[in-house]
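Colleague: With the sequences and hints as input, model every part of the structure.
Here are the chains, one letter per residue:
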Amino acid sequence: MEKKKIAIIGGGIAGAALGFNLSLYDDADITLYEKNRIGCGTTAKSAGTVCLFDDSLKNRYWDVRLYGFETYLKMEKEKPGSAGFDKTGTLVCATDEEVEKTIKAGIALAKSAGYTGEYITDKARIKEILPSLNVDSILGAGYTQDDGYFDGTMISNTFAEKMEANGACIKRGVEVVKINTEGGVAKSVETSEGEKVDFDVIVDCTGPWSRFTGELVGLDVPIWHTKAEAFFLVPPEKKLDYVFPVLKFPAFYALRAGDNVFICKSHLSMNLDDPMHAGQWDPDKLPQVGGTDDYFIDFLFDQMEENVPGLADSGLASSWLSYRAEPRDFLPILGETPVENYFLCTGFGGNGVIEAPAATRDMAKLIMRGESTMLLEEWAFSRLIEEA
Amino acid sequence: MKIAVCVKHVPTSENVQIDENNNLVRDTAESDTNPCDLNAMEFALQLKQQTEGTIDVYSMGPDIALASLKKCLAIGADQTYLISGRKFAGGDTLGTARVLAKAIEDNGPYDVIFTGNESSDGGTGQVGPMIAEILSMPDVSETVSIEAKDDKTLEIRKNVGDGNLVLKVKTPVLVTVPFGCNEPTLPTLRTQRKANRAEIPVIDESMVDLDENLIGKPGALSIVTTVSSASAGRTAEELVGSFEEIAARMDELVEEGRA
Amino acid sequence: MGAIGIFAEIIDNAVSNSIGSMVEFGLKVKEASGEELVLFAVGNDLKEKEADLKAAGVDRLVLMEVPGVSYVQTDRLSCAVADLLDKVEFSTILVPASHTARSLFARVAMKKNIGMTADCTDLDTEIIDGKPVVHQIKPSFGAQIMVTCDVEGDCEIITMRTDDQVVPELGGDPVVEYVEFSGADSAIEVVDFEKNDSVNSLHSAEVVVCAGRGAMDEERFEMVKQYAEKIGAVVAGSRPMADNGWIPFENQVGQSGTVIRPKVAITFGVSGAIQFTEGLKGNPLIIAVNSDEHAPIFGFADYAVIADMSEVLPALLK
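The listed protein sequences derive, respectively, from chains A, B and C.
At position 56 of the first sequence (counting the first as 1) the number is 56 in the working numbering, and the numbers step up by one without a gap.
At position 39 of the second sequence (counting the first as 1) the number is 39 in the working numbering, and the numbers step up by one without a gap.
At position 199 of the third sequence (counting the first as 1) the number is 199 in the working numbering, and the numbers step up by one without a gap.
Simulated from the structure, these hints should not be mistaken for laboratory data.
Hints may contain errors.
Unchecked claim - Under the rule of at most 25 Å between Cα atoms (straight-line distance), these lysine-lysine pairs were calculated in the BS3-like manner:
#1 B:87 x C:112
#2 A:285 x C:281
#3 B:170 x C:111
#4 C:112 x B:217
#5 B:168 x C:195
#6 A:4 x A:285
From a predicted model like this one, the values you see are computed outputs, not experimental measurements.
Modeller: Here it is, written out as structure tokens:
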């Protein structure tokens, strides 16, 4: 059997999930290049929330969300801890009628798929679920106990384990330093170890690094970096005597991290034209911890004082900064590019953990069988070229 | 009591690099307050509360050290000072201690001066006792608890391995504090935000009256001649053999590491 | 020509175990420089300790009696040592890198304006222009880099990391000299000693055993706990262990848990996600046990045991 030789660049959640999905085809010969460790870059700094009815990914793509969620549930069931699931439930707060409508639609969709969910307007009940909340600032809240958050690094490593079990090869600590093209066709990669390897297909899964990776084939990948500045808070009472659910507001989200609470400005509230929010940076220069800007402390303090006063006086235990890779419409870039045999599977921004399973399932089919899907058509690179 | 705390802003990178001139490449993004200095700060806060005192914090270093000072303000320091100047650079522990001691003396006298036991980068543990020597006060290392008995006497517990010595010490005194002996107070969103807006005074070389030959590079007697990476990247050495052999080797390693 | 001085620390009225290592370092310098090797001690009732200080190879023993002094009174002792330095001309002073000795000699270095290096692990000697030079080798940055230092001036103070298992060869025949120092008071008074009850918190633990999701199994986790008890370690774990209730959250090591700085960490079934490794600081010695040879923890650990913990642990518990 003639096998298709595929190179995946990047071993974050996108690369690992794609590697796994490709490894389900017996005529795929896969090599994944990860210059560092599996799931160690922007994936490691993901909050990993996959909630049934918030709007971090518009309800238009609710099936993508559900597919991601159920993939991880099954992963976790197969081997406890392998997806890092913490089933805390989610409370999504309606700050205005527009948000309320979206939440209610999300609840209907969740129920349609057999999950529980309810829209609560009884403020006393909301306060019971999350005592530190200022219930006066919201109209109501959607609540489910069925979901929570996962761990992007663990998921990536589980996918990596599975793809290797299926015979795929992972080159850890190996960087792709050059991509050779001939007449507009991507042909081979050269690595930091001095190897040159021919491939039939090369896929960029490098997320925040995609501008640099794209340059290797002369491709301008239109992503911006938005700053995901996350803070770990120690609540004043030191130990929460209730399960802190994933908390979603339009401008920020929070979740429990052990006895602490993790908060971050939401990705859809980022303005790509505000230099405080977005720009073009070098992800290699990002520190593992710290590196946050005073701006985000101001922003989050205002948000906490208004919405979750119980957290405004929480201790700041630590913080980190990561770069989300966002195209202008905050949706990923999947599929073919003007460079033949060079594919993109990047730009997941704040939604990599949610979107990776469905997106890479379809990408694998496209690469192996040439069959596109509705999702791939909507998230194609061409949409961004036409815009420009 | 009038309390001073010295904190150092240190690089925190797990991957230290060296340039062609044997200098550390200090990636400004990856730096933080020296860990045990926050334990020192915590004892200062306890003493401040107990004696209705005040805390002044000093940090010597480039502007990036402002981040540590702002953290200390957010935690409960009353005033902070950045000690910064070209003539202070390149010094060894003697020069560093002279500059810090002079700045502290000029704003003093203080009843208690706190420092961390040692910095996580240089790790000499010398600067604290040297400051004490210059300011003619005793120093107590490995301090694990501190309490004011009256306005001139402290009861200090000093860890000596198998237990604590209980010491009665007359002020003024310099106390050095090890990592992990207490749980440092954290800044909060509210206090950090306030601290971020604070103007922090800078003590520069024109304000420190010291013989230029005794500080900075000219005053340094201990000179680093070569620097090399201890290991190029961390790759684990595999322990092989029967499980009994592996277990025996692990026992040895644990004992070696513990010593 | 000066002399090589070795500071023999007297702790709790006994000669510190660091002396064996210290004499070895002293002999190494002597071999290159040919200078006189002087062992000196400062304290109480030194006559009783004289026999324990007569290490082979030492040329002279200088014992300074400081009546009623405690080894923690570094304010008073530093005056005594400074006085001794006026009496004996040292070119090199070797000091064990204990907390009290380094504090004492930091004060002496400042009094006398002598260059001082810290925590050296080795010495390298050579003769430059007919003069012996001692290059001092020390780890820096939590042992990530090795630094070589030289000290300028006629004298240098070097604190050395010692191996306290090295037993000194006693029965030497040095010239013994007693001096007395009665000046200076101390502001430090020792009033009591409280023996440690064995409360071993994760924060201050020197040895930590970390369990990861691979240890989420009654039998395995039980063995992990027994092993920790056997080696006197504190049990900690990664996030999945805490989320699933195997360990309390306060014993969770990591970015969202506790940041620890132990000397040794042994991990069982920890994959080594950054979330975990960010909680393990200070460059401890790390031994990782994991059955997955690709586990990221092996890129972080010093020693790898690629095996199923349920086979390794019984051997460790024997």
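Colleague: Would you list, in rising numerical order, the hints stated earlier that this structure does not obey?
Modeller: Of the numbered hints, just 6 does not hold.
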